[in-house]
Structures are given as structure tokens and as C-alpha cells.
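Chemist: Each chain is listed here by its residues.
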Amino acid sequence: MTLSPVFNLEIVYTLTGAVLMVFAGFTLGDRGNPARIGTALFWFVLGVLFAFGTYLPPRLDGALVVVLVAIDGLGQVREGAYGEAAPAVRAAAAERLGWRLFLPVLLIPIGTYAATLIFRGPGFKPNDVLYASLGFSSALAAVLALAITRARPVWLAHEGRRLIDAIGAVLILPQLLAALGEVFKAAGVGKVIAAGIAAVIPTGSLFAVVLVCCASVALFTFIMGNSFAAFPVIMAGIGVPLLIEPFGVNPALVGIFTITVASCGTLCTPMAANFNLVPPALLEMRDRYGVIKVQAPVAAAMFAAHVLVLWGVAAFGLV
Amino acid sequence: MEWLRLIGVAVVVAGFALRLRVTVIVLAAGIATWLVARALDGGAAPDLLSTLGRAFVDGRIITLVVLALPALGLLERYGLQDECRRVIVKVGAATAGRILLINHLFRTAVVAIGMRVNGHVMFSRPLIVPMAIPAAGLDGEGERGEERGEDSEPRAAAIDRIKGAASASDNYANFFGQNLFFGAAGVALVVKNLESSGHPVDALTVAKLSIPMAVVALLASWAQYALLDRWLRRRLGAAAPRRGEGEGAP
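Each protein sequence line maps, in turn, to chains R and C.
Take the position in the first sequence, starting the count at 1, then add 938; the result is the number in this note's numbering.
Take the position in the second sequence, starting the count at 1, then add 673; the result is the number in this note's numbering.
Simulated from the structure, these hints should not be mistaken for lab results.
Be aware that one or more of the hints could be misleading.
Simulated DEER-style distance windows between Cβ atoms [said to hold, decoys possible]:
1. C/L708 to R/P1179: 25 to 35 Å
2. R/G1061 to C/R906: 47 to 57 Å
3. R/P943 to C/M674: 46 to 56 Å
4. R/I1139 to C/E868: 19 to 29 Å
5. R/A1001 to C/F689: 36 to 46 Å
6. C/A899 to R/K1231: 38 to 48 Å
Covered by chain C, according to a simulated footprint, are these stretches of chain R (three or more residues, beta-carbon under 8 Å) [claimed, not checked]:
7. 1136 to 1145
8. 1166 to 1178
9. 1235 to 1247
Pairs of lysine-lysine, BS3-like flavour, derived with a Cα cap of 30 Å [claimed, not checked]:
10. C/K865 to C/K881
11. R/K1129 to C/K865
12. R/K1123 to R/K1231
13. R/K1063 to R/K1123
14. R/K1123 to C/K865
15. C/K881 to R/K1063
16. C/K865 to R/K1063
Remember, predicted model here, so these are calculated numbers, not experimental data.
Where is the CB? At the ideal position from N, CA and C, for every residue including glycine.
The whole structure should be built from the sequences, with the hints applied where relevant.
Modeler: Laid out in C-alpha cells, this is it:
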């Protein structure tokens, strides 16, 4: 008997959908939320997409995505009242429970990692095991948190929707941007950008080629929000024909540097929402671009370092 | 007229400039791009709603963090952040910047063994931010600062800066550290791409060549964390003793 069917992402998606629907149910009864119907509908529709998205016709999924955007566009995703504990009560609970509060937090990464070590080999898809056990560990962490705090289970729902409401509609942005990327790809946006870069590329100077290769992959990534879309285009247009072949630069070096210099674009773009826009919402920052502002100078330094090192190594034949 | 296909990029730029709702901007960019593609390609253009629906559903894996929220919320209700503060106040040498440096090293180690998880949800919110803020002498959301009658604006700005830097440390470690794992998706992409262009390389070589930039990223970030500490000391200066105030510290 094999356990591989347990690590099925559909199970985790269904579980997530159920959690979202529970949030929606409690939101509907939340008189403290000025837009309780819109907010409840938003989490419910997202729950439907999670639980049943695989089985519904793609056009209906697409229509539901448009409904989500419409609810948010009308400003109907708002925060409510969650019966939070007073600071003094919280501090007293911390005093009483102490280090045990960390156990469920640590259970999530440790449980996930342990599962990837135990369940490997033929029959197991590594990525499915990773993400499915991440989901199971999160559910287990909720049970452990209940056991430690001896709270009533209803508080899992209220505290969970407190956090999800704090994130708000930004939560769906990474998926929405992934969808935009697909529309871009289908419409041939990448080809137009590649043709534009090919028209201005210098070919004689090694330094100029290195600079243009790094700059164009970072810019492309900045626009698409994802380095994996930019990488093949830049490698086919510049990396292979203008850097590896004429100058004999180490292919593995060009490849990995092109991938990581693209991250400099990721660090600066709102299009990479899961890295740059969701965290400010999750951490309840005042400035929704606060993460990008912190990252921009480091991204600039890293960009310069990539150009100089790649050029230096290539010019002096170090690798 | 091929350049018209870039209309989505223009819509995104205009939308952000006008500070419209980001979800609306993204959908509008998709619709505009699709309209252009349909005008240029005719019937060959893919159906907008199915492309949108399929890609959104395929991307659910990015949003699995929802499942961790009930546990984290409940623990916050029972004082997780207060406990983080107590722990960090006991560690004499803790500063916000040093905590972010440790987070950077820890997150690099996590991605280097191939664990691609959402560090913002799993570490930043429950642990790193609640430790970094009191380490800078800022208590939680500034409740005690207000009690002391201090100007809350510099405190709020400092808290925002720490939160931004905490997210940044997670991203730096993730982006520049993940290819240290030879099974990483980025490494596989490089290997596959070079193989198809007739320059075969092996994954281990590619992973090894990601070491230099992981080190440079650590140094550049370290400088930023140190500058953050300096900025916090100057900004908050004598107004807020770094830690231990009101707890009988000399």
C-alpha cells in the first residue's frame, strides 16, 4: 500500500475552500462589518473557486474571478469585529502558556519538512508532497493550538477571519497576476518585448552585452512580475547567441546569473504581489509600497554586482 | 501595430499612477490586452474568461497560506506576540537589524534545503516582526508609547520601516538563496534551457555558481540591516530606551 494518494493537492484545495466558506458564514453574521454581505460573498466565491475550481468549466471559473474583482472594485471587502482579547488578557495568557505558544508555529515548517524527508521515492511527486503536507501541518497546528490554549473552536474561525480580512482582497492578487501573465503570453507580449530588445542590442563589446542582458531580463521581470517568463526569452535573444557563443562565456554562469539578476526586477515591482504587496497587508503596514521602497536600494546594489562579476569573470576567463 | 500588444503594460502603469484598486487594474490590463490580441489575430485569440479562470485555478498553490491563518490568529489571541517580546527583552544583544540578519541566514538555510514556503506568513508575522519591534524599543503597536505621551508619528514610521525590512529580508534570502538547492525550479529551468540550446550543463554546477551572489546578497542586506539599526537609534534616540523600560531595569 502506498500513501501517495494522500498527498493530493485537491484535498488541500478542498480544505482551503471549506475554511474560506466558514469565514464567509461568520462574516455574514458580523454586524460590526460595514460591508458584511460583500465581504462574505467575496470569501464564499473564493472558497468555491478553491473547492470546485478544478471541476467547473474554465469559463465559469473566469466569470467567478470577475465577480471577485467587481466586489473589491466596489469597495465591498471590509474589516469587521472579531471580539479580540484585551491587551491585559493577552499578556496574562502569554504569562500562563509561555513557550508552548511557539509549538504550533514551529509545527508547520517542521511537519512539512519531515513529510518531504519521509515520503519520497517512486510514486511521490516532491512538489505535491511539499504543498499537501504544508496544508496538513497547518491544519494540525490549528488542532495543537486549540489543545494548548483550550479555546473554543469558534475562535479559530474568528481569529482566522481577522487575519484574512486584514489582508483583504490583496490575497487574490498573486493568482490574478499569474492569470494576467497567461493572457500576456497568449497575446504575444513577450515576443514584442524580445523584438524590441533585439533591435537595440550592441554586439561588439562584452561589457555592453552583459549590461544589456542583465538590464533587459530585470526590466522584463519588472513588467511581468515573474522571472520564469522572462528567462527563456532573454536567453534565446541575448544570453546564448551574443554572450555564450561569440565570447565563450561559461553557459552555467550566464544561466544562473540571468535568473538571479532577474530577481532585482522582482524586488522592485508591484506585479510580484505575493512578495511585495501581500506582506504589507499581512503585517498591517501603513504604506502598501513600503516593502518595495526598502528593497529598491539593495536591488540596485545587487544589479551592479551581477553586471560587474559576470563581466569580470567573462573578461578574465575565471570560470 | 505589433507594439499595441503592450497596451496591458500601459494600463498597469496608468492604473498604479492613478492609485486605482490593484485587482481592478490587473483585470483591466488583461481585458485591454485581450481586445488588442483579438483585433490583431482575429479568431486565433484565446477566450478571455477561460484563460483567466484556468490560470487562476492553477495558481491556487500560491494562496495555500489561508490554512495557516486560524492557528496563527488563535495564538495571537493567547499572547504569541507578547511572548515574543518577553523572549527578546531577555536577550541583551538583540536589535531589530540583528534579528533580521538572523532571519536572513535562517531563511537562506530553509530555501537551500528545498523548502519553498511562504516565510511572510510562517515566520515574519508570528515571530520576526513581534521580536524586531520590541528589540528596537518600540512596544507592539505603540500602546505604551502613547501612555508616555510621546509623539506617535515617528514611532509609527519606525514600526512601518521595520515591518518593510522584515519582509525584505525574507525576499532577499528566498530569491538569492533558493538556487543553492540543486533541485530548485530555477536551476531546473537553466539546465533545461541550456540543454535545448545545445550547451548542456549539470544541475550541481549551476547550483554551485549561485553561491557568489547569495554571499553578495547577504553582505548587501547586512549593510541595510546595520543602517536600519543606526536610523532607528537616531530617530528614536533618547525618547525610547532600547528595551526593558518599566521592568525594573537600571
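Chemist: The region 1136 to 1145 of chain R covered by chain C? Criterion: 3 or more residues, Cβ-Cβ distance below 8 Å.
Modeler: violated (count 0)
Chemist: Going straight from one Cα to the other, do R/K1123 and R/K1231 come out at no more than 30 Å?
Modeler: This hinted pair holds, its Cα atoms lying about 29 Å apart.
Chemist: Between R/P943 and C/M674, does the C-beta distance stay in 46 to 56 Å?
Modeler: 51 Å, holds
Chemist: Within the assertion that chain C covers the region 1235 to 1247 of chain R, do at least three residues meet a Cβ-to-Cβ distance smaller than 8 Å?
Modeler: Since three or more residues must qualify, the claim that chain C covers the region 1235 to 1247 of chain R holds, with 7 doing so at under 8 Å.
Chemist: Going straight from one Cα to the other, do R/K1129 and C/K865 come out at no more than 30 Å?
Modeler: Holds, because 20 Å separates the two Cα atoms, which is no more than 30 Å.
Chemist: Going straight from one Cα to the other, do C/K865 and C/K881 come out at no more than 30 Å?
Modeler: Measuring from Cα to Cα gives roughly 17 Å; hence the hint holds.
Chemist: For a C-alpha distance cap of 30 Å, please report whether R/K1123 and C/K865 respect it.
Modeler: 20 Å, holds
Chemist: Using the Cβ atoms, figure out if C/L708 sits within 25 to 35 Å of R/P1179.
Modeler: 34 Å, holds
Chemist: Given that the region 1166 to 1178 of chain R was listed as covered by chain C, double-check it with a C-beta distance under 8 Å for 3 or more residues.
Modeler: holds (count 6)
Chemist: Could you say whether the range 36 to 46 Å given as a hint is met by the Cβ separation of R/A1001 and C/F689?
Modeler: 26 Å, violated
Chemist: C/K865 and R/K1063: Cα distance at most 30 Å?
Modeler: 19 Å, holds
Chemist: Are C/A899 and R/K1231 spaced within 38 to 48 Å by their CB atoms?
Modeler: 18 Å, violated
Violation of the numbered hints given earlier is confined to hints 5, 6 and 7; the remaining hints are satisfied by the structure.
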